[in-house]
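Student: One line per chain: the protein sequences are A and B, in this order. Each residue of the first sequence is one higher than the one before, counting from 1 in my numbering. Each residue of the second sequence is one higher than the one before, counting from 1 in my numbering.
No lab work stands behind these hints: they were computed from the structure. Predicted, not measured: the structure shown is a model, and the values here were computed from it. All residues carry an ideal CB built from backbone N, CA and C; glycine is no exception. Hints may contain errors.
Said to hold, decoys possible - Here chain A is said to cover these stretches of chain B; the calculated rule only asks that three of the stretch's residues, wherever they fall, bring their Cβ under 8 Å from a Cβ of chain A:
| hint | segment |
| --- | --- |
| 1 | 46 to 58 |
| 2 | 72 to 79 |
| 3 | 102 to 115 |
| 4 | 236 to 250 |
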Amino acid sequence: MSPDVIGNPRIPQPIPLERADELGIQQVMDLNGAPTGNLADPGLSREEVRMFYETMVLLRAIDDRGWTLQRSGRIAFWIPLRGQEAVQVATTHAMQPEDWIFRDHRTLSPWLMRGASLELLFAQLFGAESEPQKGRRLPCLIGNRAVNLVQGPTQVGSFISHACGVAWAAKLKGAKTRVLGMFGDGATSRGEFHSALNFAGIHRPPVIFLCVNNSWAVSTPLDRQTASSEFAGKGNAYEVPNLRVDGNDPLAVYAVTKKAWEETSTHGPTLIEAVTWRLGFHTSSDNPDLYRHQQENKLWEPWDPIRRTRKYLAIADWWSDKDEAELLKRCTDRIKTAVERAGQMEIPGPESQFEDVFEDSHWMLDEQREKLLAEVRGGDQ
Amino acid sequence: MTTKMTVLEALRAGMAHALENDPDVVILGEDVGTAGGIFRVTEGLQNRFGIDRVIDTPMDEKGIIGHAIGLALFGMKPIAEIQFSGFIHDAHEQIMFCAAKYRWISGGQYTVPLVIRAPSFGGIMGGVWHSQSVESYYAHGSGIKIVCPSTPQDAYGLMLAAIRDPDPVLILEPVPLYRSLSGEVDDNGVAAPIGVAEIVRPGTDVTALTYGPLRHATEKVANELASSHGIETEVIDLVSLIPFDIDTVTDSVNKTGRLVIIHEASETLGFGAELATRIQHRSFGYLEAPIERVCAPDVPYSYRVGDEYCRPNNQRISAGIRRTAEYSF
């Protein structure tokens, strides 16, 4: 199906990463994984780059499984992440475990890379009572304090000022904690984006604002979101240092995030725009055929972060076909086990929704709870 | 040991006590620092505690609340001042769907011990944006408490209670009483309990339930009606709205059989609607008259005549009490 969109004739193409230099986009790897870009190779170890690759492959496998769980009716919702693996993996690695990460809707990496279990991740998708948020949030809206991962309120961008506030508190309290606040390109139109950059410019908290620019805010393309040629430059108005980076290049994303992390203790905030591309659906409730072609994705495919990283590994002779086969099997097995276990878990009872409204409940809630429980259990004659 | 204070001074004393005793307490808002706030509630606090504890912010309500949420998430106890309650709506989503929801949406992992101060109510010839009673917008939903002190002692005690509460608390401050009302305050650092009403004036014929500055007008009218009409009105100041003290109210209504609810907010879906429903459910068999409401009409608040004819004046409060006291089937 070919969309015929009145008033919006220019369906965007991926931002051309082959013109990174000209567009002010920092890049380590070229199309073939060779570290020949305008940014020096950060010199990560064999183990680190392999970990990047393995985690990206696992994320894509989780994405595939999440999609089929949604389409088969076992979970209510899915937010695809395919193609956007590099940004999340590299930024998580550049931050320290005690740093707080406010995630955008497609980021799963801190959960996995900071040691929370895959089983618990799938438990979240099934809405299990025992997952950290007690089954209250839509599938994919994951938050886990054990790994300093915050799932903010669902309204896009509403939590950018919260991320800035946490960093500000860390500074006021003399804590070492830094904060990564992730959000999409559409969120930059929200007031909270501007509030946060404005406050950050004044108070210089140790926060990294990460705009994951995938060119689409649901169906609205870039040129209908802003007349600005880039998102990073919006930081100039607030005296927040900013840069653009190739979001499909995990080494570049790591390098710029690590540098921004180091600079939190000198100049405070940085705004990073990671340029990537949304390959498919906004969420499982979307129908992209209404507003875009699939053919633009062909332009993106060579820039697939997994493909490029594999090439980088091959050049360094850090990866073999045997490694690849073992990795794919490991991903499949782990996901299978996690889904089997998570799918058996208890879901919350009706009384669970009355917990955590306040630390201590009060009579108005207590009365509603007792009435509801009596009604649903047939005890109220 | 008590000190004579205005309402404004009592609020300030509560904040100063907290700033002095808890390093995690900070104040932030528009003009709260050097100027001490446009009402001077925070006057002198920045000099005393420094610019990192009493923080002037950009003119951005959603930014003030959004950043205060971040501070609270990391264990601080921010007191955010909204300059006038009529300016709070820019931050509605931050208050109701961020601050008030974090505990629940995170399964209890993240909490927001945040105090929001909102100078409220009419009586200062302020027009639409400087005379607002916003309680219903914040009472509908979940996860935030609302208190409404209108004596110096309550102002002091509830300020401390709000700061020590582990959840967000909205304080509706009585602007017209800031400087006009003073009294002895036991400023010993003890918080007042949230959710406890006060019987302002005992009576046997009719219960007048109110909160905010109208508590004082209602008390005055009740005294006049006692001498002019022999009507003994029991006046109750609700003091806390979420949660509110239903036991004190129903005990009174079960005794008088008659209830009139008086508030400044406009009538439709005003907090009185909730009070009437809950109380009639508990006291149905005791009621001898329909529950009456004396509220603002559903019109915006006029600069010139709002204080007299939008906000319930003494004539209207008196008429409402008499109508209820004298009602017969």
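Student: Evaluate each hint against the coordinates.
Tutor: Status of the hints after comparison with the structure:
Counting residues of the segment 46 to 58 of chain B whose beta carbon lies closer than 8 Å to any beta carbon of chain A gives 3, which reaches the threshold of three, so the coverage claim holds. With a cut-off of 8 Å between beta carbons, the segment 72 to 79 of chain B has 5 residues touching chain A; three or more are needed, and the interface restraint holds. Taking a C-beta to C-beta cut-off of 8 Å, the segment 102 to 115 of chain B contributes 10 residues in contact with chain A, enough for the three needed, and the coverage statement holds. Counting residues of the segment 236 to 250 of chain B whose C-beta lies closer than 8 Å to any C-beta of chain A gives 4; at least three are required, and the coverage claim holds.
Every hint from the earlier list agrees with this structure, and none is contradicted.
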